[in-house]
Structure formats: C-alpha cells, structure tokens
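**Student:** Residue numbers (this note's numbering), protein chains in the order written: chain S, 1 to 671; chain F, 672 to 791; chain W, 792 to 1018.
Read the hints as simulated data drawn from the structure, not as lab findings. Ideal Cβ placement from N, Cα and C applies to all residues, glycine included. Check before you lean on any hint, since a few could be wrong.
[Claimed, not checked] To give a feel for the contact side, a few chain S residues facing chain W, derived at Cβ under 8 angstroms:
1. Val202
2. Asp263
3. Ala313
4. Ala314
5. Phe317
6. Leu642
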Amino acid sequence: MAIIERPTDTPALAPSGGAPAVTPTRSYGYLRRPVQTTGWRSWAFTVDHKKIGIMYGVAAMLFFVVGGVEALFIRLQLAGPEGTVLSADAYNQMFTMHATTMVFLFVIPMAAAFANYMIPLQIGARDVAFPRLNALSLWTFVFGGIFLNTSWFLGGAADGGWFMYAPNSAVPFSPSNGVDYWTLGLLITGIASLVGAVNLIVTVLNMRAPGMTMMRVPIFTWMALVTQFLLLFAMPVITVALVLLLFQRNYDATFFEVAEGADPLLWQHLFWIFGHPEVYIIVLPAFGIVSEVLPVFSKKPLFGYPFVVFSGAAIGFVGWGVWAHHMFASGLGPISVAVFSVATMAIAVPTGVKIINWTLTMWGGKLRFTTAMLFATGLIVMFTIGGLSGVTHSVAPSDTQQTDTYYIVAHFHYVIFGGAVLGLFAGIYYWWPKVFGKLLNESWGKANFWTMIIGMNLTFGPMHIVGLQGQPRRMYVWTENRAGDGFFNIGFWNLVATIGSFILAVGVLFFFINVWVSRKNPPAPADPWDARSLEWMAENPPKEYNFERTPTVHALDEMFHRKYEDVGEGDAHDYVKVATAEEIQAVETANRDDHVHLPSPSYWPIVLSFSLPVIAYGIIYSTLLVIVGLAIATVAMFGWALEPPTADDSEFESPEGGDGGEPSKELVASV
Amino acid sequence: MSTDTTTTGTEHHFGEDITAIEPDAIPHEHKDLRDRDYVFIAFLLLILTALEVAASYIELGSLLVPILLIMMAIKFVTVASFFMHLRGDARIFSWMFYAGLFLAVGVYAAALTTFHFFAP
Amino acid sequence: MSDATINPADAAPVGSDAPAEHMAIPAGYDDGQDHIGLEHHTSTGLSNTKLAMWLFLGSECLLFGGLISTYMLYRNRRADTLGPDQLWDIPFTSATSFILLMSSLTMVLGVQAAKRRDDRNTRLWLTVTALLGGLFLAGQIYEFTVFYREGLGFTTNLFASSFYTLVGFHGAHVSVGIIMLMATVGMLLRNRVHGNKAETVEMIGLYWHFVDIVWIVIFTLVYLIPA
C-alpha cells in the first residue's frame, strides 16, 4: 500500500475503527491496481519484502520436504544388499532430483527468504530497492520449482546426476524429457536468483539508514551481500551451460558430443565455474546467521567483526579460483591440478578464520544454550568436520582416490547439512519471534536439534567409511559378496546410514510439530533474546513500513548500544542496561515519521513469472505454447513499464468519512 | 571512500566505509562532454575499426593477434568510458562492471588454458 | 545527539509497558528526525536503477564470456565441412559493425538530448538508434541466410553451432534493445514515462552501448582473428 494510515494501529485515534477505504480510481487497461490488504490477493500481488520473505521460506520448506522424501527413498534402496525399493532408473531420478531440489529449491531460496526479510530490517530500510522485482524473483523461483517437479508426472525426472555430466545428459543416455525439465527449470530459477541478486545488492549499498556505514552493517547482511555477488556472477555461467545443453537436446547441436569432436570437459568447466561459487552461495548465508546468533547468546560482541567480514569477502573471491578441484580425475594435466590444489588449500584459510572468530566469540561469554544457539554451535562442529574432509580433497592424489565415492557424499553433506542447514535452522529459531511475533517451543526445539544432530551423524558419518572402502556414489545396488568384512563391512554401515536418515527425518518432523504446538504461544516480548542488531528495533512482527521512523545508526550492534551504556572508566568497559526494547520502540513511535511512502502492490510480477514456465513447456512440447508464453510476457512487461512503482496521487480518493475535501496522498494523523 | 568519525560508545572503531560516497563527492560529470565531442569520439572509433579491418588484410604474422586485441581493448574502453560515462561517473559503477569483466576474462581464460587452447 | 525524554502521555497509544516516569534514553541516541524518502535519497547518493543496470551488465559479461569461450574452443572443429575461411565476408560485416557503432553515437546523442529535457530530439535520436539497430539486425539475418545457403546449418559442425549461438544471443540482445527503444519513444510521445525521463533514456543507453561493446569483441575475436 502506498499509504500509511496512522490511525489504524492506534485505536484511540481512529474514529470508526475500520481502516478507511482506499480505492483506486484509475486503472491500467482493464485491470485495477490491487489494493487488498487481506486474503490471498494481499499475498499474491504483494511487493512487501516481509511477505515475500515468508513466502520464500514456506516454499523452500515445502521443497525441503520433497527433497527429504527423495533422500529417504535413496537410503531405503541402499539399506541392504541388492535393494529392490527402486528400479535403477527411478534411483537415478531420485538422487538427481534430491540434490537439485535441496540445492536450488531449498538452500538457496531459504537463504533468500532470510535475506529478503532481514536485510531491509537490518540496514534500517523500509523495503528493498526494487519491490516489484523482488516479487518477480519470488514467483519466478516458485513457478520454476513447480515446473521442475512436474517432470515426475510427465515422463520422468532428470536422471543424470545433479551436475549432469556429458554424455549422460545427452538424449541417447537420457531419452525422457527429464533433463529438459531440469535445464529449463534451472534456467527459470536462475533468473529468479539473478534478479534477486541485483535487487539485494542495490538494497544493501543504497538503502542503508543514516549512519549505517558498511562497517556497521550487521554481519548477516554482509554475508548475504557477498552471496548475492556470487550469484550475480555465477548464474550467467550456468546459464550458458544450460543453454548449450538445451540446444543440444532440442535443436540437435553437438556441444558435448565426443563423436562430433566436442569436448565434454567444456560442460564440466562451465558447470563448476558456477558450481564452486555455488558452494559458498549455499554456506555463506548460514555463516552470517550464526555470526548473528553466537554473539547474542554469548552476551559478547562478535569477535573480530572486520575479520569475519573480510574473510567472507575473501571466500567470495578465492571461491572463483578453485572450481577445477571437482575435476581432478578428468585428466586436466599436472600443472592445472597443482594450481587448483594450492588454491583449494588456500581457501581453507578464510574459512578457518571464521571458525576461530566464532569460537573466540563464545570464549568467556555468558552462554545461553537456546535452540538457536545449539544449532549455531552444532554448525561450528559439524562444518569443521566437513571442512577438514574437504581439505583432504585438495590433495590431488588423495582426491583421485576419493572421487565419486561415498567419501565425497559424506564430505559435502557435512558441509551442506552441517553448515548450511543447521545455520538456517538457527536462523529460524532465532528470528521466528521477529517474523511471527511468537516464540517457538524450546523443549520441542531441543528435541528437534538433538535428533537432527544424531540423525545427521549416523547418516553421513558412516559414508566416510563406506566411501574409503570404495563404495561408489550413484550405484543403485551394492552386493553382499563385495561388502567386505568386520568393522569395514559396508553392509553394516549402509544400514546405519539408513537408520540415521530416518532419525534425521524425525528430527525435521519435530520442527513441524514445534511450529504447530507453538501456534498459540503468547506474543513474544519485543526483545526475547537481548539481541544486538537493528532489526530488533522494529516491532514483532514488524509493521508494513518496518520502522516507525528511519533509525539513525551510531554503532555496529546499534540495538545493543541503545539498550546498554558503557559506564566503565578509561579502557575498561562495563555495560549497564539503560533502556528496554519496549522503551526504545516507544520512543520511536512517539517520534514516528508522518509521511511514509511504500511501494504499491502489482499484478505484473506474478504474471511475468507465470509466462516463464509456459514458455518452457512450449519448448518441450509445442511452439504454440512458446508464442502464448511470449505474449503473456510481453503484456506483463508493458503493464509493468506503464505502471508507476508507487500508485499515483490521482489513483486514490480521500477516505470515506475522512476529513473530506481534496484527495490526499498521506492520510496522516499527527499525534 | 569516506572516513566516518562519528562512531560513539562502542569498542568498534572501524568506520571506514568502502562504498559510501558523500553526495557532494560524486563527480558531477565535471568534464561535461558536448555533442560534438561524442561525434569526435565516434569518429575515432570508426578509424580504429577501419585500422582493424585493414590490419586483418595485411601480412602481420604473429603480430596480428596482439595488434587486433589491443585495438579491440581500446575501442571497448573508449565506449565504456565515454559513451557509457564510466569516466567521470561514480567509481563504484566501474568497479561493478570491470569486476564482472575481469572475472569473466580470468575464469574463461583459465578454463581455455586447461584445454591447451593456446598451444598450437 | 543528546539525552532526550518523552512525555509518556505522547507514547501512550503504543505500549501498555510505557513507563510512568520520564524515561532516560541512552547516550548517543539521536532524537533528530530523519525524513528520508524511499526514492529520493540513497546511502551512496547514486541512483538505484543505475547501480542495478551496471550490476546486470557486469553479470552479462560472464554470459557473453561463456558463449565467446565456447566459440573460441570450437571454432576449428569442423572436420571437412565449412569453416570461417570459406564464409566470412569481412567488408560486409565491417559495414554492419559500422552501423552498430553509429547507433551508439546516435544513442548517446539521444541521452544528451534527454538530459537537456529536449523531448523532441530525444525521440528523434532514439528512433534513429532503433532504425540503425534494425539495419544491423537485418544485416545479420542476411549474413545468416547467406551462410545457410552456402551450406552452414545450425548443426553442420561445432563451429556452426557455437557461432550461431553466440551471434544469435547477441542478435537477441539487439532485438530487446530495439523493442525498449521503440517502447520508450512511444511512452515519451504519450508522456507515460514514470520518474526521471533522462535516467530512463540513460539506462537504455547503457544497455545499448553494452550490446555495442560485445559486438566490438565479437567482431575482433570471431571475424578478424584468423581461425
């Protein structure tokens, strides 16, 4: 809504109680601008970064469940020798879609959910820089994800593995439309990521509140910023790879066909030039989250904030120079292998810096092991394990031995689950009261944490063993007579991993139970964790316009410094609480901005997003659909261009029962 | 870069901001080019293009490729600097653009090298 | 910055927890009003749209970089079929390059006119730019047709596929640019451009020049450097 109606949240001042009617008087073409503030329309056409963030999170969680179920099928198949749960074909589809779903439809969008919701709040902005583009990112991701998953019902899903190496991706080896769905689906979600990246970078650089210098920006926002830069530059690379594959499969090009003289390594290079930055895209937001959570529950500032910032940026930079370590076994030649080996070892340094900073943040702090804190500490431990096994891959001879075994699977699950997912859950528990105004149940939370930790270690821990024993990844059966003996019998460890995966699933189930039992919790206090950063200056949940007035920032950890005063003499610091969050918010409300312009909802983002899967279906099935899709896209783009970002003055009438007279843009009741 | 000294009441004193540019500090296209300057630049670009084409017809041997690449780079930078106003505009725009450009050149050149692209 | 107090009565509508007595505000608390509108002020003082456009163009560098690299890798892989040596018509491609280069000049003149708020000349130069772009595109289509007639289909060899993909992507970018130019001319005519007209034109200009820059690279790497 473009108009902030001050009286509605202060009943004493609102004469009639209900919100004054705001009606658009001018429409574009046949469509009136959406104005609903409740019901599904208020969500479908919203440009509010908070609603978009929530929808991002919900959609990502749904895909998390889908990807998790796929994982359980994989583990069931491998529980015993000669598994019969899945056919070889179904198994191929299962692991391909499990990885694709988890990486592209869960972790990236879940991080985008936090980034969308938290970045404007953390930098003191009212919304992102381009609210309609934000809605476009969301819906493009949602439609792209749905499109990708419809392949299950339309002839089978992609089955070439998530990095879809040639020649497996070619038509003779993968004749169903699955790979086409995969290619087009990732192109669509790639558009979502790219648009989101541009939007969020501009937001962080340009929308900061007064005084919010870059070195006062909360650490999560910093890490999200680095992530967005990685997305910005990595997405076009995979786009090229996907386009080439699309042309090969649909228009008979031969980009990756050896028989035609092509070099299948081209795909590997393009994929991993994208794919390694992608690893940091996955994990950096989680690093940002735990860097917020640990200081709060240690009652200490983040140890070495600039080091955490710059090591994040360094990871983002060096992350571009290590991609070929995924290709050590492909015959790159000794010089390339040596160079990329060294670069890979080097990237462990900034990561180690972060782990040291987190540990020293906790050192000597007053630790409170809430669920959020448990997940954050869990990340430090689990990610360190994953990081260490990762360093073993930088040693090329060792890597050659491990390539395509379960050891690799163990490694990247410790990194992605132990790093990214635990971090995201820390964020969910930490920010739940901020987003929904209620705390999650701590007992269920702890049950959730411990089952997940036990489950993940039982699932992924044994994979180190079976991997070093030589069990290849992506084999749909293993046989008893090659399982080995004694402690290293892979049969036993495969069974353990399967049991572990179900424990893990129960852990995730506990989370959903927690959400359910917590739905009637009393409203959370304004500052349940004694938090430090700016987002806690807004109410729980924040108003549509976020802050009562644009805050002026004086320090890193602004909220902390508003609550606490340093009464220490000289160099000694002694902080005394001088204000509660409620009091600070009351000051803000008393001095609130009278005039707040917010961007208006729009139909066009969702319409434009919708055109993309239509075009994609068209590419697979019928050119006619492509034309329809392009027509929808054209209409949407023109509608978008002709629609002002903020509703025009003349679009609004003065409210009924208002003070009458001239149309006014701001309906303001000054206190 | 601007150095912020207003940090108060905190142990953190790193106010240096790598992106904040005071509004007055933005160079307001101090060298405001006029239309005829642009025509002149376009003329230079034309001459360069003509030289490029001419070079490709002359037997220059192993010199040809470097010469062509240098002329290409000059044309590239000229369009970016003057037509796209990177010169005289806030420096962050150049950073954004050239970051992408150099990243692209770096990773793709490295990838092509691993194919022994530059070996005959 | 000063200690400030507020009258609890003023804050009454908000919290039931509002203190009864005057409330001490932490030192360093700014009580000043900051009326920073969404669209009029940014932290860096730079335009959001312009920053976004440059980020997008930085990203595009990696897109075209990938396509150009694919071409460079595959340009000699053609077995006994047609290759660049038999096909290139340098004088013709030089002419189309000349046209695209000129369109960059007319574009920048359009941006200059928009900065002077000279709508008439803005429309004129944008139209000329679109026409030159269209001419370039026509030249490319003609070139493709000639190549096709000589026997170079999209799937003839790897050289053909990567060449058509690269130049086709560039052509698609030119087409999008032409559509944006025409749409802007139309919107200028009917006065439907929202916000800062000069900036809108400048953004299209940036995109157009980028397309030109990419062509500068393609022209040298693809056409002039011998295979």
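**Student:** Now, for every hint given, state plainly whether the structure supports it.
**Tutor:** Against the structure, the hints come out as follows:
{"no.": "1", "hint": "Val202", "verdict": "holds, 5 angstroms"}
{"no.": "2", "hint": "Asp263", "verdict": "holds, 7 angstroms"}
{"no.": "3", "hint": "Ala313", "verdict": "violated, 16 angstroms"}
{"no.": "4", "hint": "Ala314", "verdict": "violated, 20 angstroms"}
{"no.": "5", "hint": "Phe317", "verdict": "violated, 15 angstroms"}
{"no.": "6", "hint": "Leu642", "verdict": "holds, 6 angstroms"}
Comparing the model with each earlier hint shows violations of hints 3, 4 and 5; every other hint is respected.
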